[in-house]
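> One-letter residues, chain by chain:
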Amino acid sequence: MTVIQEFVQVRKTEEVVTKKRSQAHEVWRRLKKNRLAIAGMLILILLLFIAVFADVIAPYPYAKQNYDEVLQPPNLKHLAGTDEFGRDILSRIIYGSRISLQIGFISLTVGALVGCILGSIAGFFGGVIDNVIMRFMDILHSIPRVILAIAIAASLGAGITSALIAVAVGSIPNFARVVRAATMTVRDQDFVEAARAIGASTSRIIVKHILPNILAPIIVQATLGVGTSILLAASLSFLGLGIQPPVPEWGAMLSSSRTYMRDNPYMVIAPGIAIMLTVLALNLFGDGLRDALDPKLKK
Amino acid sequence: MTNDNLVTYEKNKNQPLLEVTNLKKYFRTPRGMLHAVDDVSFEVNQGETLGVVGESGCGKTTLGRVIIRLLDATAGNIYYRGENITNSTDKRTHELRRDMQIIFQDPYSSLNPRMTVGESISEPLIIHKVFSKKVDIDKRIEELMDTVGLASRFVNSYPHELDGGRRQRIGIARTLALEPDFIVCDEPVSALDVSIQAQILNLMQDLQDEKNFTYIFITHNLAVVKHISDQILVMYLGVVVEKSTSDNLFKNPLHPYTRALLSAIPEPTLKKTRNRQLLRGEISSPIEPKPGCRFAVRCEYAKERCFIENPVYEEMLPGHYVACHQTKEIQQIR
Amino acid sequence: MNKEETQNVIEVKNLTIHYITDDGIVHAVNDISFTLNQGETLGIAGETGAGKTTTALGMMGLVPDPPGKVINGEILFKGKDLLKLSDREMRKHRGKDISMIFQDPMTALNPVLTVGDQIAEVIQLHEKISQVDSNLKAAEMLEVVGIPRERMGEYPHQFSGGMKQRVVIAIALACNPSVIIADEPTTALDVTIQAQVLELMSQLQARLKTGMIMISHDLGILAESCDRIAIMYAGKIVEIGSLDEIFENTKHPYTLGLFGSLPDLNSKVDRLKPIYGLMPDPVSLPSGCSFHPRCQSRMEICDQMQPTDYEVTPDHWVKCFLYQEGRK
Chain A
1 MTVIQEFVQV
11 RKTEEVVTKK
21 RSQAHEVWRR
31 LKKNRLAIAG
41 MLILILLLFI
51 AVFADVIAPY
61 PYAKQNYDEV
71 LQPPNLKHLA
81 GTDEFGRDIL
91 SRIIYGSRIS
101 LQIGFISLTV
111 GALVGCILGS
121 IAGFFGGVID
131 NVIMRFMDIL
141 HSIPRVILAI
151 AIAASLGAGI
161 TSALIAVAVG
171 SIPNFARVVR
181 AATMTVRDQD
191 FVEAARAIGA
201 STSRIIVKHI
211 LPNILAPIIV
221 QATLGVGTSI
231 LLAASLSFLG
241 LGIQPPVPEW
251 GAMLSSSRTY
261 MRDNPYMVIA
271 PGIAIMLTVL
281 ALNLFGDGLR
291 DALDPKLKK
Chain B
1001 MTNDNLVTYE
1011 KNKNQPLLEV
1021 TNLKKYFRTP
1031 RGMLHAVDDV
1041 SFEVNQGETL
1051 GVVGESGCGK
1061 TTLGRVIIRL
1071 LDATAGNIYY
1081 RGENITNSTD
1091 KRTHELRRDM
1101 QIIFQDPYSS
1111 LNPRMTVGES
1121 ISEPLIIHKV
1131 FSKKVDIDKR
1141 IEELMDTVGL
1151 ASRFVNSYPH
1161 ELDGGRRQRI
1171 GIARTLALEP
1181 DFIVCDEPVS
1191 ALDVSIQAQI
1201 LNLMQDLQDE
1211 KNFTYIFITH
1221 NLAVVKHISD
1231 QILVMYLGVV
1241 VEKSTSDNLF
1251 KNPLHPYTRA
1261 LLSAIPEPTL
1271 KKTRNRQLLR
1281 GEISSPIEPK
1291 PGCRFAVRCE
1301 YAKERCFIEN
1311 PVYEEMLPGH
1321 YVACHQTKEI
1331 QQIR
Chain C
2001 MNKEETQNVI
2011 EVKNLTIHYI
2021 TDDGIVHAVN
2031 DISFTLNQGE
2041 TLGIAGETGA
2051 GKTTTALGMM
2061 GLVPDPPGKV
2071 INGEILFKGK
2081 DLLKLSDREM
2091 RKHRGKDISM
2101 IFQDPMTALN
2111 PVLTVGDQIA
2121 EVIQLHEKIS
2131 QVDSNLKAAE
2141 MLEVVGIPRE
2151 RMGEYPHQFS
2161 GGMKQRVVIA
2171 IALACNPSVI
2181 IADEPTTALD
2191 VTIQAQVLEL
2201 MSQLQARLKT
2211 GMIMISHDLG
2221 ILAESCDRIA
2231 IMYAGKIVEI
2241 GSLDEIFENT
2251 KHPYTLGLFG
2261 SLPDLNSKVD
2271 RLKPIYGLMP
2281 DPVSLPSGCS
2291 FHPRCQSRME
2301 ICDQMQPTDY
2311 EVTPDHWVKC
2321 FLYQEGRK
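Protein chains in written order, with my numbering: chain A, 1 to 299; chain B, 1001 to 1334; chain C, 2001 to 2328.
Derived by calculation from the structure, the hints in this document are not laboratory data. Nothing false has been slipped in among the hints.
To give a feel for the contact side, a few chain B residues facing chain A, derived at Cβ under 8 angstroms: (1) LEU1070; (2) HIS1094; (3) ILE1102; (4) ASP1106; (5) SER1109; (6) SER1110; (7) PRO1113; (8) ARG1114; (9) GLU1123; (10) ILE1127; (11) HIS1128; (12) ARG1174.
A virtual CB, placed ideally from N, CA and C, is assigned to each residue, including glycine.
Work out the full structure, taking the sequences as your base and the hints as a guide.
Dropping the structure here:
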């Protein structure tokens, strides 16, 4: 068999090539350099930790009422003070992280999944299918998200499930749009045509060739979307929809402390800071991730 | 080749491997019908290389895609080993992929950036379920990489870690995976540096010698096409204006466009005088072309007839086809 | 002949430009020197990564900083060192004394300005004449490059690739510069259009007596338009000489390899003779002569020391130990 012998010189880069330098590795390397993004990431990890180990960390159960210690400002016994029922605010914040993160991530995952499926179908097939799907998305998108969420939560009744659905639905159009655009870009690339030329089926092309290459915008949209979802859930419970007391959701805590705001400002500050920090961390991390995922291919 | 094909082939050894008759491919655009490929006919024998040259907009890329059924023909026929595959069913097209393949131009966009070298090369094998055991697949990957001159240590590398020449070799290895007989090469070396071009061209020729491949080699580079082709098709605005053997086309170009094209090539030699035939104007639009010769507007030999009547594509000299009203007159002038 | 008239218009001395990146220092241009006389055309040949475009950018003062840095060297324009000028001072020269024609005409023109405006803009920037007069001059320039002046008010997207490149040429020549740097001006164009554009450029150059530096990887184009040619490899000029010398008396193994890789229109060869291996990584260049790993005529000294310029015939210089004085 004829073999072209390549006369290859020994170079530093050639040694590196032998290691499996995956894309994830490259992304992580770039992300590490962005200090703000890492800060955001650490806060998120902390939050996750708190949410998982809430039972262990929280000094008091979140529903335990104690009429002897009502409306106490922050002190040694209750580091963030107590609310109108004597419940420890810090513990409620800690347990609240579970709820907020749950809603944020789960609703986002649901919204993302539906959005991605619809967007990739629309982007890949184009034509009538594209038109129909995207017009539905336009309708959904034209309703202000808060109003949409309120409408859904109100009609589905109380509870965390209805809050989840209400928040999820509003995020679908954004994902569909982003995924559709990314799919259309990738769809026209040569390697997709090459996949057809070797006989790949449509489903194989979408799953193996298109999806892995549009992960970047999806991840970014998702990361930034979690923050919005959390805020939206907080708004819902602020209005009395979705999460019901005594479940300690940060937005609900904000809402109920309105009455006591003037004399007991700490009641507003604690949940407010919790929400702000979470969303900030998500945004910093999301921005950093987007920059790191930018396909800066080496030339 | 499957067994069926082998049997059919043995029966019809004298027929060309590929025959195309009156092939048309039109695209509908808001401004009208775009005649990308307009009534093209030719044949290619096994083991031959047919070069297709022309500038942008001539339809050569579309022609390549239609032949291997990545696009559906608008009209006309494509015969592969005597079988009419113009409107082959999806199932049949899928089977044909094992015989007819394509090498793409841009080594930077023709590989999935998320797949390793090994994964890209083995994908055809997986899709067509060629092997059942992973160990067989891995062995084949190694063989293919060796054939195209890629060091085996790159099997887990990603395309972005390698240069253009190596990426093109990956593309070629992928094309060879199913052991096709017929390969459309769409500008396979245009995006590469000169020294790498030479390496890849040699590789393609070696492979052809060894495995008796049949190539359709699409390019705009005349020096490359002369080097690698047996026969050459010259296209202009979707129409074949001239066809001949490689040597003959360059020694005795008959069509005015071919002559202008040849004279336009900058040659890396010192010529004291250059007989440049500069074409007037620019290429006209392929959308709803008017009747008559499409080249007439730019042609220095054009007469009234050329603007009204479509020239007939016919054999002017043995094995030398031209589509031009003025061929005889031009020959006399020269 | 007046001595000043044959003076070098451009003299580049020991130019070194590096890019400082996360992955290391890219040695794009390493200690190159060359001259350009008035009205002369110098070709710079080389493959991707040889450093040709960086050299052009360096001469225009357009090397992006960061990550690029001019480490060393002088670029003398009529005796004045351009590297010592502030950006403000350099801007006065750009477009007026030295112009550049970029590779891709599709992106070199501003899509929201008419072609007339874009030509007039460069005239307005450098000459103290009224708007009306600039427009008149712009219309003239358009005619000079073969585009009817009625098309002055049209936008770039209304022109084909070849015509866009003509507009780019018009902009470059509008103020009658002493030097034009053309970086692969016809690579993106079809062969027949390329012929038209090259013909235009050579006519204009002859008429206006402009000096030109023509950068291309296509030796055919250079053979037609240049008086002298420099061959670049890994940031260095490995061979430089007159057109005749480079083509008929090629000396450097890389240059010979380049000629050998080209399919020849006039002869039939069975196999091309490629140069094996790849361009070196500009971040970690080989020791000694950068070409030695791929060189068929490699000697022991080649990986230990870097060759300097040796003059093989008058004004034909080669960076190769094969031609060291005393060697035969």
